[in-house]
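Sequence positions in the sequence shown follow this note's numbering and run 407 to 660.
Warning: the hint list may mix true and false statements.
Claimed, not checked - DMTMM-like mimics (lysine to aspartate or glutamate), calculated; alpha carbons at most 25 Å apart, straight line:
1) 576 / 456
2) 509 / 456
3) 438 / 496
4) 564 / 442
5) 438 / 456
6) 589 / 442
7) 443 / 565
Because the hints were derived from the structure by calculation, they are not lab data.
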Amino acid sequence: MWKKIGLGLAVLLAIAAGALWYLVSNLDSLVKAAIEKYGSAATQTAVTADSVKLSLTSGSGTISGLSIGNPSGFASPRALGVGAISVQLDTGSLPGNGPIVLKTINIAQPQINYEVTGGVSLTGVSTASNLLIIQNNVKNYAGRAAAAPPQGGAPARKEIINDLYVTGGKINLIATTVLHGKKITVPLPPIHLTNIGRAGGGATPAQIASQIISAITSQAARTGAAALTQQAKAAASGTLPGNMGGTLKGLLGP
Numbered sequence: 407m408w409k410k411i412g413l414g415l416a417v418l419l420a421i422a423a424g425a426l427w428y429l430v431s432n433l434d435s436l437v438k439a440a441i442e443k444y445g446s447a448a449t450q451t452a453v454t455a456d457s458v459k460l461s462l463t464s465g466s467g468t469i470s471g472l473s474i475g476n477p478s479g480f481a482s483p484r485a486l487g488v489g490a491i492s493v494q495l496d497t498g499s500l501p502g503n504g505p506i507v508l509k510t511i512n513i514a515q516p517q518i519n520y521e522v523t524g525g526v527s528l529t530g531v532s533t534a535s536n537l538l539i540i541q542n543n544v545k546n547y548a549g550r551a552a553a554a555p556p557q558g559g560a561p562a563r564k565e566i567i568n569d570l571y572v573t574g575g576k577i578n579l580i581a582t583t584v585l586h587g588k589k590i591t592v593p594l595p596p597i598h599l600t601n602i603g604r605a606g607g608g609a610t611p612a613q614i615a616s617q618i619i620s621a622i623t624s625q626a627a628r629t630g631a632a633a634l635t636q637q638a639k640a641a642a643s644g645t646l647p648g649n650m651g652g653t654l655k656g657l658l659g660p
C-alpha cells in the first residue's frame, strides 16, 4: 500500500515539475500572448509586441516593440509605438494573495500618432481623435472588468506600481484635411506617475492600464493642442502659407 502511495506521489510530483518547467520555459511567450490578447480587448485595436524577456530570479523584464493600433477610420497604421519598456518587480510581493508590487516601469521613447478629425480646445480636448477613442475604450473595459464576477472562484491579484516613467517621447500631430497632409512633430513632456493603485490596496491590471493610457493620451492631447495654438498664432500673423491659417483656426475652435 505504501509503495502505491509513494508511486502516486512520485507521479504527482513529476506532473507538477513538468507543469512548472513548462510555465518557466514558456513564461515569455505566455506574457506576450496575454499582452496582445487583453491589450487588444481593452483598446479595441490591434496590440502587438515583438518580444518579452522576463527573469523570475532578478524580477526584471523587458517588452520590446510594443504597438497599439489605430481605431477604425484613422489614416495612420498605429496610435502608439514603443521600442522598449523595462520593468522591475518586487519579487518579495509574489508569494501570498496580496497585491503584486512593481518597483519601476520605464517607457522609453514612445512614438505617438495623435490624429485629429475634430476641433481641439486649448485644454487639449478633441471632439474626435484616435487617442480619445482609445482612452474611452480602455476606461470602459476597466469598468466592465471591475464589475464582472471573478472567474474560477478566486479574484485576480491586484497590482501596485511605485514609479512609472515615460521619457523621450515624440508626438506626431496628424490632421490630414486641416494641415493638407503635413505633420507636426513635437516632444512629449516627461511623465512620472507614483503609487498607482496603492490607495485602494491595489488595482486590477485593467484599471492600471486605464490610468497609464489616460495619463499618456491626455498629455499628448494637451501638447498637441499647444502646438496647434502656436500654428494658429503664426497663421494670424500671416506667416503660414496659403489657407492653412484659416483652417488651423477652425481646427482650434472658437
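Hint by hint, here is what the structure shows:
1. The suggested pairing of residue 576 with residue 456 holds, with an alpha-carbon distance near 20 Å, which does not exceed 25 Å.
2. A distance of roughly 24 Å separates the Cα atoms of residue 509 and residue 456; the hinted pair therefore holds under the 25 Å criterion.
3. With a C-alpha separation of about 20 Å, the suggested pair residue 438 and residue 496 falls inside the 25 Å cut-off, and the hint holds.
4. Note on residue 564 and residue 442: the hinted pairing holds, with a Cα-Cα distance of about 20 Å set against a maximum of 25 Å.
5. Under the criterion of a C-alpha separation no larger than 25 Å, the hint pairing residue 438 with residue 456 is consistent with the structure, at around 8 Å.
6. A hinted pair counts as satisfied when its Cα atoms are at most 25 Å apart, and residue 589 with residue 442 does not qualify at roughly 29 Å.
7. For the given pair, residue 443 sits about 19 Å from residue 565 by alpha-carbon distance, which is consistent with the 25 Å threshold.
Violated hint for the displayed structure: number 6, the only one.
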